[in-house]
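**Q** All chains should be built: construct the whole structure from the sequences, respecting the hints.
Protein chains: 2
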Amino acid sequence: MHQLKDIIENKIINDLTKSFHRSPKQLNKVHETDAEIIKLDNSPYDLAITIDTISEEIKTGLYSDPYQIGWMSVMVNMSDLAAVSAAPIGLVISQILPNELSEEYLDKIQSGINDACNKCGTFVLGGDTNFGDELIISGCAIGTIEKGKYLKRVGCKAGDKIYTSGTVGTGNAYAFQKLFSKNDSQFVYHPAAKLEWGNILKKYSSSCIDTSDGILSSLDQLMRLNNVGFKFRNDWDKVIDRSSEQLFGNNHLPIWLLLAGEHGEFELLFTIPAEKKLGFLKEACHLYLKPIYLGEATEDQKISLNLYNQEQSLDTEKIRNLTFEKDFSPFKYLQKLLEIDQELKN
Amino acid sequence: MHQLKDIIENKIINDLTKSFHRSPKQLNKVHETDAEIIKLDNSPYDLAITIDTISEEIKTGLYSDPYQIGWMSVMVNMSDLAAVSAAPIGLVISQILPNELSEEYLDKIQSGINDACNKCGTFVLGGDTNFGDELIISGCAIGTIEKGKYLKRVGCKAGDKIYTSGTVGTGNAYAFQKLFSKNDSQFVYHPAAKLEWGNILKKYSSSCIDTSDGILSSLDQLMRLNNVGFKFRNDWDKVIDRSSEQLFGNNHLPIWLLLAGEHGEFELLFTIPAEKKLGFLKEACHLYLKPIYLGEATEDQKISLNLYNQEQSLDTEKIRNLTFEKDFSPFKYLQKLLEIDQELKN
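Here the protein sequences line up with chains A and B, keeping their order.
Using our numbering, you'd call the opening residue of the first sequence number -17 and step up by one each time.
Using our numbering, you'd call the opening residue of the second sequence number -17 and step up by one each time.
The hints are all genuine.
As the list makes no split between identical chains, a pair holds if one copy fits it or if it spans any two.
Think about it this way: if two alpha-carbon atoms lie no more than 25 Å apart in a straight line, the pair counts; the simulated PhoX-like pairs of lysine-lysine are:
hint: 1; residue 1: K21; residue 2: K7
hint: 2; residue 1: K21; residue 2: K101
hint: 3; residue 1: K129; residue 2: K185
hint: 4; residue 1: K0; residue 2: K90
hint: 5; residue 1: K90; residue 2: K(-7)
hint: 6; residue 1: K184; residue 2: K258
hint: 7; residue 1: K129; residue 2: K21
hint: 8; residue 1: K314; residue 2: K327
hint: 9; residue 1: K284; residue 2: K213
hint: 10; residue 1: K90; residue 2: K11
hint: 11; residue 1: K101; residue 2: K7
hint: 12; residue 1: K131; residue 2: K21
hint: 13; residue 1: K11; residue 2: K101
hint: 14; residue 1: K0; residue 2: K101
hint: 15; residue 1: K11; residue 2: K(-7)
FYI, nobody ran anything at the bench for these hints, they're computed from the structure.
Please read all numbers here as calculations on a predicted model, not as lab measurements.
**A** If you want it as structure tokens, here you go:
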């Protein structure tokens, strides 16, 4: 059986939280939701709260454009709210600014924050500023949820259909181009949180997670939480964003790594019980939302993909734990992924 | 006239927030409250939210004990909630952990977080973990407030009486001992947020701020927000914590610097209209709370203290801006404060 704690990231979370008492008002368990859900007494709604920090992405050079850094510091948090179907109230932002930061650079960060808030119809409520050696931005977002109607990662059953809110792979394509390729201008990466999916998913979906850590990570986490497996549709390349596929093709990289890499696309990944599928698709169409069919949940607890002309089971435990290997670097990470690809080819 | 923007910290906040749209649901203006206040529709209460990061304190060596670092990461946020009279719901915590951090050290941080939460009757709701070069902890706390009844920094008038929730100076005494003295064990600094004052202050106080930045900073900020001045009681040394006074005495440091230093004691500083004074004191006594009388708000917009046998006006603008001087170091900061003391002596 695939257990949560076999994934190093889950184990770290377990270790960090093991000594803490849980609030009696907290409705979700650890790992169960993308944001924390808090019961509000005498109120028609509950509260969602989430915190996310942009630091490693800046340090590795993955994000270097100040506008993008500002934008992402909002969106990573808004995406967590979207994945529990919360309507954002706003966010507070803590910035650690290097002393030598120019006013122009700072203005661009703030402009990215502002535009991302506008895109989500939300607001910066306040913040905190410190000075240090490196630029680090933490955002903490809050939102409201219709009472008892939050989306969870748990609830999916074998036979459920898996969808994403859009084509996938853009996060990993961007990461490859930014870290390994000289042509810097091709790929713009300004993902937007999928807040507009909240209402329909509340009605139809049996589980939901955002793809901030990539498609395979998201599926692997759902597998461990729900004791199910996932089988990709045979023509799974259809779910991949065209320009991402092209970039990987031009660089002779296997396309399925666009699903495997840890830099996600901030889509929502969700499951729909088979009997609700038609109603869901009809209503989605009505709302001009275009769900992308990804595959099906299975009894067999594994993640399988038709690759190199055979159905293959992917070692998502190994893949997810690569980022925690000693002396991690983006280059070594890509190398390891290519080694796994080589094994699947043989 | 003393303006908010003459203080570098206020100017930084103004610059950072100038491009942001304000939420129509946000009840407080910038600078007006210790935490942000958000209107909750169809609810018997409003929401308070605040974010605060512990980084500079770790970098300068002011906090080096992991238990204390954990404790403070909770308390700095709880103190902001106390200063708006919110009842805490909980907090989310983002930690940046150095790779080489031992399990034992991490356990101590978590233990400090846990104990501080227990002390405040609150909970860690969730968090985020990253790895980096330096230990940095951001906390974001939320709480509820009886509708419309939040405490503000604005509202104080000339003639109002100024109080603190306890004796003062411990934060600066601790800082001096930790950074300049070899005897490390004398001073334990584990301040607790003064959440128990919320109900009485809602009823009686005309303005409130926490003393996280020290007494003079808090008074200076209230002065600029309310267009009033403050005159300390003549025997102002009575408001100072005994062991802090002793430590400064033993080290031949002027006692008033315990009010001036930027490392505060996390008490609440609040004003009570003269006509409400008796009722306030009676109820405080009944609740076993011991307000400390600090002085009086005045028409004359200055902060004055009887020092070296004469009433002296303190240049709090200069004092507050010292921490933003180029090449700031704790040593230079103390030197500059001593220079100001020398000028007052002459």
